[in-house]
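Protein chains: 4
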Amino acid sequence: MAQSAEQLLPYIAATFDQMPFNRLLGLQVSRFADDEVEVRFPWAEQLVGNPIQKILHGGVIATVLDVAGGMMAVASALGRFSDIDQSELVQRFGKMSTIDIRTDYLRPGRGETFIATARVIRAGNKVAVCRMELHNEQGVHIALGTGTYLVG
Amino acid sequence: MAQSAEQLLPYIAATFDQMPFNRLLGLQVSRFADDEVEVRFPWAEQLVGNPIQKILHGGVIATVLDVAGGMMAVASALGRFSDIDQSELVQRFGKMSTIDIRTDYLRPGRGETFIATARVIRAGNKVAVCRMELHNEQGVHIALGTGTYLVG
Amino acid sequence: MAQSAEQLLPYIAATFDQMPFNRLLGLQVSRFADDEVEVRFPWAEQLVGNPIQKILHGGVIATVLDVAGGMMAVASALGRFSDIDQSELVQRFGKMSTIDIRTDYLRPGRGETFIATARVIRAGNKVAVCRMELHNEQGVHIALGTGTYLVG
Amino acid sequence: MAQSAEQLLPYIAATFDQMPFNRLLGLQVSRFADDEVEVRFPWAEQLVGNPIQKILHGGVIATVLDVAGGMMAVASALGRFSDIDQSELVQRFGKMSTIDIRTDYLRPGRGETFIATARVIRAGNKVAVCRMELHNEQGVHIALGTGTYLVG
Chain A
146 MAQSAEQLLP YIAATFDQMP FNRLLGLQVS RFADDEVEVR FPWAEQLVGN
196 PIQKILHGGV IATVLDVAGG MMAVASALGR FSDIDQSELV QRFGKMSTID
246 IRTDYLRPGR GETFIATARV IRAGNKVAVC RMELHNEQGV HIALGTGTYL
296 VG
Chain B
146 MAQSAEQLLP YIAATFDQMP FNRLLGLQVS RFADDEVEVR FPWAEQLVGN
196 PIQKILHGGV IATVLDVAGG MMAVASALGR FSDIDQSELV QRFGKMSTID
246 IRTDYLRPGR GETFIATARV IRAGNKVAVC RMELHNEQGV HIALGTGTYL
296 VG
Chain C
146 MAQSAEQLLP YIAATFDQMP FNRLLGLQVS RFADDEVEVR FPWAEQLVGN
196 PIQKILHGGV IATVLDVAGG MMAVASALGR FSDIDQSELV QRFGKMSTID
246 IRTDYLRPGR GETFIATARV IRAGNKVAVC RMELHNEQGV HIALGTGTYL
296 VG
Chain D
146 MAQSAEQLLP YIAATFDQMP FNRLLGLQVS RFADDEVEVR FPWAEQLVGN
196 PIQKILHGGV IATVLDVAGG MMAVASALGR FSDIDQSELV QRFGKMSTID
246 IRTDYLRPGR GETFIATARV IRAGNKVAVC RMELHNEQGV HIALGTGTYL
296 VG
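Protein chains in written order, with our numbering: chain A, 146 to 297; chain B, 146 to 297; chain C, 146 to 297; chain D, 146 to 297.
Don't take every hint at face value.
Pairs involving identical chains hold if they fit within one copy or between any two copies, as the list cannot separate such chains.
Said to hold, decoys possible - The list that follows gives simulated cross-link-like pairs (lysine to any residue, SDA-like), each with its CA atoms no further than 25 Å apart:
1. Lys271 / Arg185
2. Lys271 / Ser242
3. Lys240 / His280
4. Lys240 / Ile200
Simulated from the structure, these hints should not be mistaken for laboratory data.
All of these numbers come straight from a predicted model, not from anything done at the bench.
Starting from the given sequences, assemble the full structure and let the hints guide the process.
If you want it as structure tokens, here you go:
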């Protein structure tokens with residue numbers, strides 16, 4: 146029976162939680178659909194770059210943008226299959242890899258909760274290109290990214 | 146009395162260690178000179194992205210490349226001053242920020258120790274552009290980056 | 146008397162036409178406002194990359210995205226001044242320069258007219274970051290770009 | 146009989162000259178080997194961006210870097226085949242496309258002859274990543290680029 150990307154969210158979340166660095170940063174997949182993926186994490190002292198300004202380290206921002214983009218690339222590739230089970234899903238995540246990513250830092254990373262969203266702008270059999278944005282809980286636009294992913 | 150960038154390494158290392166996310170990842174500045182900066186970190190289970198392949202998370206790679214590039218940008222800006230003390234150094238680090246960065250992932254992040262090196266390719270009063278590379282202890286080239294930094 | 150960016154369009158267009166490579170490609174500024182810049186050009190045989198597929202050369206696409214982004218960066222910087230005359234405008238264009246740009250190619254460059262639009266996503270005294278898109282006359286999204294510009 | 150990439154240079158040059166925009170800019174392939182590709186062009190009034198400073202338009206620089214990188218990606222893919230004829234070569238060039246490219250502008254584009262060189266930094270069946278540099282005839286480093294190309 147065919148499943149939509151959204152129905153796979155529980156499996157995705159489980160796979161995601163097995164990635165140690167995602168867990169270290171407190172990342173959680175909050176949306177996983179054909180057209181958008183959302184990853185969230187709460188503020189934490191250990192994610193700070195500059196201890197005086199109390200802002201997120203640039204590496205944290207780059208990480209969450211890449212993670213959201215990579216999941217979006219997988220979700221996009223899944224969208225073209227009518228039937229998929231969890232083992233295939235895990236396999237697809239294993240094959241997916243980031244080729245390159247550009248991160249643009251717009252404003253200091255301040256807030257209580259951070260929300261990264263990703264959308265596909267080029268969906269191919271081999272390569273997907275995604276655009277990502279990071280906002281805080283008040284809607285302040287903190288960063289954006291453009292990533293190219295190997296999906297096939 | 147004039148100091149070279151290299152003489153500042155102890156101060157730099159101290160400032161660097163006050164950045165929580167650098168400490169979480171185990172990053173250490175091993176070289177800080179006018180023409181090159183080097184940042185190292187050992188393999189750690191919590192830095193893994195894919196738990197089956199046991200390779201570094203892409204976000205860890207992006208982070209260390211950005212950190213090395215940012216320090217190189219500061220070192221480059223310092224090189225044009227004849228006299229600088231620690232408080233000014235801390236101030237300069239506080240003002241320095243990444244504008245944008247591109248990361249290219251070349252090979253899986255496997256190894257025991259990882260070494261990120263950075264060099265300046267455009268040194269200006271306001272903006273510096275740096276090139277970064279990540280190798281493991283066996284010289285395998287894992288990733289490269291190009292970053293644009295606000296320094297003035 | 147204060148002038149808006151839009152009132153400067155005739156001067157901008159004149160300055161723009163003095164740039165030989167813009168003229169060679171047939172680029173024209175069709176909108177110059179604080180929040181958006183638009184540059185257009187018609188299909189021409191000499192702009193083709195692949196002669197069999199009859200599609201725009203990637204370099205043409207990269208050029209028009211960079212031009213639109215650079216003008217947007219200048220327009221954005223102008224927006225913060227209450228009074229400006231043409232000579233200052235020409236001077237500002239002369240100082241503006243692209244630091245770096247990323248171009249993502251999404252679909253083959255086919256069409257009769259091509260429209261590049263640019264918006265500012267980070268406006269600073271020294272550096273501006275812009276996002277650009279290229280569409281054809283039927284609204285097909287051909288490419289996008291992200292550029293960092295030195296404006297001060 | 147097996148041919149090296151270098152022996153294909155005459156065919157490559159012929160194919161290259163059929164691309165209208167390359168001809169418009171005066172680009173010529175001067176080296177085509179497994180490990181390096183070189184593209185040259187002479188100064189020309191029509192390639193100028195800023196008419197007062199008499200420097201190359203940024204779009205010209207982006208174009209030649211992309212062209213050199215794209216040819217390098219093809220040369221790299223060819224290197225893995227023992228036998229290839231001209232018709233297959235033309236076909237391969239037709240399939241090759243730029244996914245994304247970053248251009249960093251380092252110094253004003255002044256000179257009499259400009260030389261773009263490209264090297265592969267990630268060679269894959271589907272995707273190749275290349276690094277490119279632009280120098281003038283006096284060895285002044287004007288720009289660099291990083292491009293991701295679809296080759297398979």
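A quick look at each hint next to the structure:
1. Neither within a single protomer nor between protomers do Lys271 and Arg185 lie at most 25 Å apart by alpha-carbon distance, with minima of 27 Å and 32 Å respectively.
2. In this homomeric assembly, Lys271 and Ser242 come within 25 Å of each other (Cα to Cα) both inside a single copy, at 11 Å, and across copies, at 13 Å.
3. Taking the closest pair of Cα atoms, Lys240 and His280 come within 25 Å of each other only across two copies (22 Å); inside a single copy the shortest separation is 29 Å, beyond that limit.
4. With identical chains, the CA atoms of Lys240 and Ile200 are at most 25 Å apart between copies only, with a shortest distance of 13 Å across copies and 34 Å within one.
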